[in-house]
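**Q** So the chains spell out like this:
Number of protein chains: 2
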Amino acid sequence: MQDIKQYIEENKDRFLEELFELIRIPSISSDSSRKEDMRKASEQWARILLEAGADNARVMETKGHPVVFGEKKVDENAPTVLVYGHTDVMPVDPVDLWDTDPFEPVIKDGKIWARGADDDKGQAFMHAKAFEYLVKTNQLKCNVKFLIEGEEEIGSANLPEFCENNKDLLKADVILVSDTSMLGAGTPSITTGLRGLAYWQVDVTGPNRDLHSGIYGGAVANPINVLSKMIGDLIDENGHITIPGFYDDVMEVSEQERTLMAKAPFDEDAYKKSIDVKELHGEKGYATPERTGIRPSFDACGIWGGFTGEGAKTVLPSKAHAKLSSRLVPNQNHEKIAQQFKEYFESVAPDSVKVEVSVLHGGQAYVCPIDMPAYQAAEMAYQQTFKKRPVPVRSGGSIPIISTFEQILGIKSVLMGFGLESDAIHSPNENFPLDQFFKGIETIPYFYKHYSEMKK
Amino acid sequence: MQDIKQYIEENKDRFLEELFELIRIPSISSDSSRKEDMRKASEQWARILLEAGADNARVMETKGHPVVFGEKKVDENAPTVLVYGHTDVMPVDPVDLWDTDPFEPVIKDGKIWARGADDDKGQAFMHAKAFEYLVKTNQLKCNVKFLIEGEEEIGSANLPEFCENNKDLLKADVILVSDTSMLGAGTPSITTGLRGLAYWQVDVTGPNRDLHSGIYGGAVANPINVLSKMIGDLIDENGHITIPGFYDDVMEVSEQERTLMAKAPFDEDAYKKSIDVKELHGEKGYATPERTGIRPSFDACGIWGGFTGEGAKTVLPSKAHAKLSSRLVPNQNHEKIAQQFKEYFESVAPDSVKVEVSVLHGGQAYVCPIDMPAYQAAEMAYQQTFKKRPVPVRSGGSIPIISTFEQILGIKSVLMGFGLESDAIHSPNENFPLDQFFKGIETIPYFYKHYSEMKK
Chain A
1 MQDIKQYIEE NKDRFLEELF ELIRIPSISS DSSRKEDMRK ASEQWARILL EAGADNARVM
61 ETKGHPVVFG EKKVDENAPT VLVYGHTDVM PVDPVDLWDT DPFEPVIKDG KIWARGADDD
121 KGQAFMHAKA FEYLVKTNQL KCNVKFLIEG EEEIGSANLP EFCENNKDLL KADVILVSDT
181 SMLGAGTPSI TTGLRGLAYW QVDVTGPNRD LHSGIYGGAV ANPINVLSKM IGDLIDENGH
241 ITIPGFYDDV MEVSEQERTL MAKAPFDEDA YKKSIDVKEL HGEKGYATPE RTGIRPSFDA
301 CGIWGGFTGE GAKTVLPSKA HAKLSSRLVP NQNHEKIAQQ FKEYFESVAP DSVKVEVSVL
361 HGGQAYVCPI DMPAYQAAEM AYQQTFKKRP VPVRSGGSIP IISTFEQILG IKSVLMGFGL
421 ESDAIHSPNE NFPLDQFFKG IETIPYFYKH YSEMKK
Chain B
1 MQDIKQYIEE NKDRFLEELF ELIRIPSISS DSSRKEDMRK ASEQWARILL EAGADNARVM
61 ETKGHPVVFG EKKVDENAPT VLVYGHTDVM PVDPVDLWDT DPFEPVIKDG KIWARGADDD
121 KGQAFMHAKA FEYLVKTNQL KCNVKFLIEG EEEIGSANLP EFCENNKDLL KADVILVSDT
181 SMLGAGTPSI TTGLRGLAYW QVDVTGPNRD LHSGIYGGAV ANPINVLSKM IGDLIDENGH
241 ITIPGFYDDV MEVSEQERTL MAKAPFDEDA YKKSIDVKEL HGEKGYATPE RTGIRPSFDA
301 CGIWGGFTGE GAKTVLPSKA HAKLSSRLVP NQNHEKIAQQ FKEYFESVAP DSVKVEVSVL
361 HGGQAYVCPI DMPAYQAAEM AYQQTFKKRP VPVRSGGSIP IISTFEQILG IKSVLMGFGL
421 ESDAIHSPNE NFPLDQFFKG IETIPYFYKH YSEMKK
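Chains as they are written, first to last, in full-length UniProt numbering: chain A, 1 to 456; chain B, 1 to 456.
Some hints here could point you the wrong way.
The list makes no distinction among identical chains, and a pair is therefore deemed to hold if it is satisfied within one copy or across any two copies.
[Stated by the list, open to error] No farther apart than 16 Å at their CA atoms in a straight line, the calculated lysine to aspartate or glutamate pairs in the EDC-like style are these:
#1 Lys-35 <-> Asp-168
#2 Lys-273 <-> Asp-93
#3 Lys-171 <-> Asp-99
#4 Lys-272 <-> Asp-351
#5 Lys-145 <-> Asp-173
#6 Lys-455 <-> Glu-36
#7 Lys-278 <-> Asp-351
#8 Lys-5 <-> Asp-75
#9 Lys-273 <-> Asp-351
#10 Lys-455 <-> Glu-356
#11 Lys-63 <-> Glu-164
#12 Lys-354 <-> Asp-276
#13 Lys-319 <-> Asp-351
#14 Lys-319 <-> Asp-93
No lab work stands behind these hints, which were simulated from the structure alone.
Build out the structure end to end from the sequences listed, making use of the hints.
**A** Below, the structure written as structure tokens:
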């Protein structure tokens, strides 16, 4: 493994060129006009895997965007690592807030700037190059499979069925994923928990048409007023979510673990400054990292209705809509929560409007036990390259497919993320520091080394 | 006056043709690409007035769309009536809900179907034809002035300044306006009250960019959640508006007048059915006509923020916005209310967000005393043609310029409306029944007759 640094040094320009070729494909999974680009990105991934040394790699169909599967068998008695990543990216709106073209990557200030630079083209691509190194230098001691999907940013709707239908193909001892962040460039960490997710659209209908707000205002319920009140009432003055039964299954974290978590470095002033807010706000009795790590949350992701143009048009609108979502913690069942909210929200709707709740999306939370061999192999790998023991961290984000893998395939995942908070994933000016990119390629081979030694 | 019916009968086709010519000009004042059409419509109005018998008529400039002024002097000792109307119309969106081209009037089922058929091309045009009749038959006994503006649908922003600068030109004893509705085709009424208006935009900013709702959700205030709560709290469980001091200046209506008002025909079931709502909702202790007639209201006219596209994008948005408005009643000062709301809303904003309130528009409420000679002349005119005494009605709508006329010019207005609730003004398929149109032309000359006799 001593030559990995040299291998990166000799090939870094080619690595970047290959990554940029992938990034240039605008594979926005939520945009139906990008269907062909989604396919092109998948085909590109199959080529990447074959060129890196896979025995075979192919684009496989789903009911939605295709997935890519590739593998390399070295020894049927050796353990098998399944690498999961995704080739789809988030939309780029508002595009005028980008300093450069989101799909024409540039290197500036030591970072790659582009949509997907981190999430997840950049991070998944590190695995292809680490794999290439191990194959080309004959140091691969375990079997490797790659599963690159095209619908992660839209909820991986078709991947569960793909897993059900391909259990043998996907058989592995552990799933390895780089789609998360580290605490900081000098503070390696491994994500050991992910929040679950429930996501709804609510549609409120008042009168059958937009009304004159003078002639009817005061006598007819206004759907925006009603929806606002209903959303406003979902969180009480202590930051508690008011849906009955919402906290019933929440796994309470012990005082001991909370004390440990509190030791993780967290600079509240820097945090506030980075997002330019004067005060933070959340559930009473919990610190900021706890509010995102071990407690569920409730956020309106979008709201719209009535007149939203320039100036002052008076109208009592017929409809109001919102996209609402909740991040869930271990032991909360997203389907149960989705139903609880739907029943509650519809039950508290006044008779003066019609309220419809649609469940759009969901996923379970996930926990990775830190005494698992694969976790320990990852820990040793980071220690080798970052010279520090990585901190186990509960992330506030959700990768619903991770818990689905556990349910359907019975395989745990290890989340070796190399992203940084400042990478602005899902936002304009997404970026990925070159240091993190190359450090990732350097670290991953050590995971394989330690993991195959442990499992011998 | 006995020959007015015959005059209408002999000229009705020409009247309609002339009106249609005016309607065909798509004079949407809010649409900057229609600037030339606004001018064309004004020039058309000048021609209409000259052909009807005005001594002079001209298009006059303002900082916005022009106004038309025309006049006929018959006797300097006789009273002067100033007819006010507007030639601009509302936008036609959503245009696919129209059964016919909004700017190509058609007659069907005894109605004229077109944008502006009622509001206010049709109604203002009745005055031109009533005036033509009086001039051509030598029965005009008072001086007449016409003021036709082009910005009523966008708040008459430049008319106050025009009035300030042209006080002599606009000098009159009463202003006559047809821009309101009657209670029903067989139930003549005169609008004696108009609600005032205050209109704000509120902009709530949380973090400086859209955030990942997983990574930050629960720890950072969500501007949509905050705005929803703030809007929701503006009205309490009794339907009262919670802005401190909001009701301080509200002119309470006596029990006696409320009892009289309660005698006006109102069919709640038909009302609910016409807008397809199961229950009405408003201020506790007041009946529906009171809620829109004598009580102020608070409506969100629009709201927007975050992700509003198809599907499920998770985001903790940076911003949320709303257009909020309040209909005011006599004695409430719109500037005071606008300021009260701004101060209150900004003061209750949590420190976790920035809240900015902009006052976009406003106007005072108006009351027309029913013992005023001009009101009584109007009452007699309706009685002559509709064979029923018109009911005085407090309308929920606002025509802010009416109270501005009173403030700047010191002249009261009489609102002789001939529209019907079913005319769908501001909505797709606006229409104006031919019966109402011709009945208007028939009624207006009697107003002049009685008014000039009273003022002798």
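**Q** Hint by hint, say whether it matches the structure.
**A** Checked hints:
1. Lys-35 <-> Asp-168: neither (28 Å within a copy, 68 Å between copies)
2. Lys-273 <-> Asp-93: So Lys-273 and Asp-93 fail the 16 Å test inside a copy (24 Å) and across (42 Å) alike.
3. Lys-171 <-> Asp-99: neither (43 Å within a copy, 59 Å between copies)
4. Lys-272 <-> Asp-351: For Lys-272 and Asp-351, the Cα distance is within 16 Å only across copies (12 Å; inside one copy 42 Å).
5. Lys-145 <-> Asp-173: Answer is within; shortest intra-copy Cα gap is 11 Å, inter-copy 90 Å.
6. Lys-455 <-> Glu-36: neither (41 Å within a copy, 80 Å between copies)
7. Lys-278 <-> Asp-351: Between copies, since 6 Å is at most 16 Å while 39 Å is not.
8. Lys-5 <-> Asp-75: Result: close neither inside a copy nor across copies, 26 Å intra and 103 Å inter.
9. Lys-273 <-> Asp-351: Cα proximity of Lys-273 and Asp-351: across copies only (14 Å, versus 44 Å in one copy).
10. Lys-455 <-> Glu-356: neither (52 Å within a copy, 60 Å between copies)
11. Lys-63 <-> Glu-164: within (14 Å within a copy, 69 Å between copies)
12. Lys-354 <-> Asp-276: For Lys-354 and Asp-276, the Cα distance is within 16 Å only across copies (10 Å; inside one copy 38 Å).
13. Lys-319 <-> Asp-351: Within one copy, since 15 Å is at most 16 Å while 31 Å is not.
14. Lys-319 <-> Asp-93: The answer is between: 14 Å across copies meets 16 Å, while 25 Å in one copy does not.
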